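Visitor: Sequence:
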Amino acid sequence: MFRLVTLALLVFLHAEGADSLVWHPKARTFDLDFRERPLNEFLGYIRSETGWEVRVEPGLSQLVDGKFRGKPAADAIRLMLGRTQFKLVPRTQGGTRLTVYSGNIGAATQEVQAVVQEAAAFEEVLVEGELQITLPVKIHYFKSKYASINADPNATDLRPLFAGMNEIWEIANLRFLLNQPELLRAADAAAEREFANLFTPDVPKAFVRQHQARILHKLLPDLPDKGKAFHIVLIYTMPDAYGAVYLPAKGVILMPQVKFAKLIDPKGVWKDGSPVFYAQSNILAHEMGHALSLNHVATQGNLMIDGRLREGTGIGPGVGLSLEQIEKARKQAKTKGPYVPGFNPKPRVRE
112 MFRLVTLALL VFLHAEGADS LVWHPKARTF DLDFRERPLN EFLGYIRSET GWEVRVEPGL
172 SQLVDGKFRG KPAADAIRLM LGRTQFKLVP RTQGGTRLTV YSGNIGAATQ EVQAVVQEAA
232 AFEEVLVEGE LQITLPVKIH YFKSKYASIN ADPNATDLRP LFAGMNEIWE IANLRFLLNQ
292 PELLRAADAA AEREFANLFT PDVPKAFVRQ HQARILHKLL PDLPDKGKAF HIVLIYTMPD
352 AYGAVYLPAK GVILMPQVKF AKLIDPKGVW KDGSPVFYAQ SNILAHEMGH ALSLNHVATQ
412 GNLMIDGRLR EGTGIGPGVG LSLEQIEKAR KQAKTKGPYV PGFNPKPRVR E
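For the sequence shown, this note's numbering assigns the number 112 to the initial residue and increments by one for each residue that follows.
None of these hints come from the bench; they were simulated from the model. Treat the hints with care, since some could be wrong.
To be verified - Once the Cα atoms are required to be at most 30 Å apart in a straight line, the calculated DSS-like pairs of lysine-lysine come out as:
#1 339 - 249
#2 457 - 337
#3 249 - 447
#4 256 - 329
#5 198 - 337
#6 339 - 254
#7 447 - 254
#8 249 - 445
#9 249 - 329
#10 442 - 339
#11 445 - 457
#12 137 - 198
Unchecked claim - Listed next, with one range per pair, are the computed distances between beta-carbon atoms:
#13 179 - 215: 28 to 34 Å
#14 243 - 406: 21 to 27 Å
#15 406 - 328: 37 to 43 Å
#16 435 - 198: 43 to 49 Å
Being a predicted model, the structure only gives us computed values, none of them experimental. Note that beta-carbon positions come from the ideal geometry of N, C-alpha and C, so glycine has one too.
Based on the provided sequences and hints, a complete structural model is requested.
Guide: This is the structure in structure tokens:
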């Protein structure tokens with residue numbers, strides 16, 4: 112048996128009316144629709160969707176109002192803030208800082224708390240004449256007594272990753288929204304111990320690759336809505352994994368938070384304090400493609416390219432999708448759940 116525990120990581124608000132904020136990280140543009148919302152709430156949305164560090168001058172208050180699509184980040188913020196001053200600075204150590212103040216930038220000492228909208232139910236709406244499908248995604252943090260696989264809810268900021276994934280899947284008019292995270296426990300204690308033991312230095316890589324899938328199948332519980340909802344399970348790390356993997360039999364994307372497979376020292380101990388591995392958006396989008404019933408292809412630049420066939424530099428797959436792939440993915444999306452053999456089969460497409 113397993114139990115799911117609701118995890119309150121962020122402030123979740125149910126949006127009233129049409130208030131919304133969509134961040135496109137590659138294009139670095141915003142789609143905004145706000146109606147007289149408090150400044151701090153607006154800035155909280157920005158922090159949540161972008162992953163930026165956001166600071167504001169304490170006591171600064173105003174209502175923000177505006178609606179537009181595809182505005183560059185600085186232009187969008189300037190239009191929303193009016194005469195209120197701000198500074199938007201990419202930092203050399205990664206990330207971006209947004210500072211909002213009335214007169215002296217040094218007065219912006221208050222860190223803005225992230226504010227996110229709770230994921231809506233499955234819906235189909237017209238966006239500029241095109242039917243957009245919105246799919247909620249349930250997030251689970253795998254909890255274990257073994258440090259190597261015990262997920263840290265504070266280690267991974269998923270919303271910027273989702274923003275990038277949504278920008279990729281925009282070509283198919285598909286959009287994914289995060290649900291409130293939950294904790295997930297192992298279904299089998301023996302499998303949990305066996306999986307943790309794969310990290311010991313005397314275990315050959317070939318053994319890991321041969322048995323990892325079998326152990327994971329026993330380790331992860333069968334979720335009650337398997338095939339009827341999209342799920343991502345975060346695990347602290349994996350002994351042989353790059354960014355994420357879709358497990359069709361379980362109907363979940365499994366994503367390690369930290370990439371240790373190439374960071375293990377000669378004694379087999381993972382390096383304490385190693386950088387957190389944030390799976391790139393295209394990797395997550397690729398695995399979501401498998402959940403949407405798409406197979407690997409050999410086409411360079413395609414989102415679903417087999418990693419063993421990929422050429423060139425960079426990390427992860429491309430972002431292209433064919434018309435046939437788009438049609439197939441949208442048909443799967445309309446079932447409201449991922450491809451799961453025996454539960455939610457792959458849709459038929461035109462020859």
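Visitor: Next step is simple, just say for each hint if it's right about the structure.
Guide: We went through each hint and held it up to the structure:
no.	hint	in the structure
1	339 - 249	11 Å, holds
2	457 - 337	14 Å, holds
3	249 - 447	12 Å, holds
4	256 - 329	17 Å, holds
5	198 - 337	45 Å, violated
6	339 - 254	24 Å, holds
7	447 - 254	27 Å, holds
8	249 - 445	17 Å, holds
9	249 - 329	20 Å, holds
10	442 - 339	14 Å, holds
11	445 - 457	12 Å, holds
12	137 - 198	20 Å, holds
13	179 - 215: 28 to 34 Å	30 Å, holds
14	243 - 406: 21 to 27 Å	25 Å, holds
15	406 - 328: 37 to 43 Å	20 Å, violated
16	435 - 198: 43 to 49 Å	46 Å, holds
Checked against the numbered hints given earlier, this structure breaks hints 5, 15; the rest are met.
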